[in-house]
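As a plain string of letters, each chain reads:
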Amino acid sequence: MSRTPAGHRLLPHTADVRLSAWGPTREACLDQAVRALAEVFVEVPAGVATARVPVRLPPAFDAELLVALLEEVLFVVDVRGLVPVAARVEVGPDGLRGWFAAVGLGGLEQVGSVPKAIARSDLEFGRDDAGTWRAVVTVDV
Amino acid sequence: MSRKPHRSGVTRPPAPKPARAPITLIEETPDRWRIERAGAMRVPGVVFGSRHLLPARDGDDSLRQVANVATLPGIVTASFAMPDVHWGYGFPIGGVAATDPAAGGVVSPGGVGFDISCGVRLLTTPFTESELRPRLAAVMSSLSRLVPRGAGPGGVWDATPAELRAILRRGSTYAVARGYGTDLDLAHCEDGGAVDDADPSAVSDRALQRGGAQVGSLGSGNHFVEVQVVDRILDPAAAAGFGLAQGQVTVMIHCGSRGLGHQLCSDHVRAMQDAMPRHGIRVPDAQLACAPVDSTEGRAYLGAMAAAANFARANRQVLAHAARQAFRDAAGSGELQLLYDVSHNLAKLEEHVVRAWGDDGAGVDGVVGTARLLCVHRKGATRALAPGHPELPDDLRPHGQPVLVPGSMGTASWVLAGEAGNPAFGSACHGAGRVMSRHAAMKQVSGRKLHDELAAQGIEVRAASTRGLAEEAPFAYKDVDEVVAVCGREGLARPVAQLRPIGVVKG
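For the protein sequence lines, the chains are A and B, in the order given.
For what it's worth, our numbering labels the leading residue of the first sequence as 13, then goes sequentially.
For what it's worth, our numbering labels the leading residue of the second sequence as 1089, then goes sequentially.
To be clear, the hints were calculated from the coordinates, so they are not data collected in a lab.
None of the hints are false.
With the Cβ distance kept under 8 Å, some of the chain A side facing chain B (calculated, not the full set):
no. : residue
1   : E83
2   : S125
3   : T150
4   : D152
Cβ coordinates follow ideal geometry from the N, Cα and C atoms, glycine included.
Work out the full structure, taking the sequences as your base and the hints as a guide.
As structure tokens, then:
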């Protein structure tokens, strides 16, 4: 397992947003991608989450799993009015299962355009030569 | 980066990508450029734009995207880019591509975009600027209160599942039948306010869940309701025909199909990704996933897309109703006449004569010079029907279809008119076109400062997020006046009137 700490940042893109996430495990990287997606449009103070939203996804190739998890975030925002700000998930032969830590929209300050969807252009998710899991995703806003 | 298989190992690895063709840009006129056919490109790329408007070589990959679109099966004539072209995903934003279904031509959800039938509606008011000024702040506050916007659920109309299904089938016609507007509105909507052949059964439950609570909502990003003034008239006859007079106040609404459209696009991109190997299709960008128009997946997408388009039309119809109410409450008259409603993210089956571009082939043998039923993708491009077109209502027909072009926040918007002989399958620009990332824009100005600067120009701003306002700073966009001028010079559409904003409600 890589010793690289987990993290994320937003990259410039002319019309949309590119987010970059990394972590020592697949699950840690997915968590960071969810955190980055929230920060595209809301300010997330530490310890703000007040709700748990279960998430379960069918087995898929890694890149598809990443897209599906981030799409699930957008679904929860649109339908439940909750913003997932972190993900505690496990990936196994049966797919992904776990939960989002989430907070109501009313409790957050909107600081940017709300993401619409996850694009597949130049999508990256995998382990680099040093063993660190890295994801790069274009988000339509 | 290594792509180690998922440990559950149940799905296939991504298909190998075709080699990237080198880009060669050739000046055809000072406002038009050709990307020579190379590699897997089936037709050339054609980019409209003055040298100043061309995408930057660094940090904007839209010319590559124009070339990628030219590889789609069945594409004819050229892969076009409008003068406001900028970097998207899959298709460039500002891209136009027509495929021939009878020759295996494909439909690509990426050629429409996530925000299906996003578009613009323009209403005229009975007020002049000087008449409205004393009541402008009250009108803007009323609009701000009545127009749901930003993230999450919440719309003017909390539609039941049965109502939502009716919206998907009947679009604005159902909204009008339920009291959100009049039959006069429908005559001035593209397609009479509803797209035929909508198939709500091809819309997933997830999409329905996202859409049910968002009927009559603005969303976010560059979507807005703007109060504007007719500042300059370039074509007096067409302006009069459109009901526009110098100094008149107008209302422009820019929004789309909200979470329903976004979800639906995602669903069908995934389905087409899975189906492409079966159809023997490979694409250079995963977001260009596509299927033949005449296939199970192609038909399913077009039926679902039509349903989402109807959602978008109803959404703008309901928001127009809210605007009328705001003017009635705060200005004493809600007599807002719909000038036109037109989308700029859509695929349509339309008849066009296929031509070869320059000396190049047209992509499909034996069709040059013949009228064909084509699948025309417009992603960030506006349909622009020529004068006399039978689909236009009687009062607009002599002048051509109104092409509504929203500018960036605080800058002019435009009304253009369709022209005969349009070289890009009857298409024109859709906006200013971004040149700067949201991140970079926010580094250059704070939302508060921008808000104050707009106020100093006499523009009342009501934003869902003051900090987020900076993302839409005018300097993050191309010069919309130049974009419109190129459209005029290249015969894409004829400039009719320039509109100056005096109030903005931002998502």
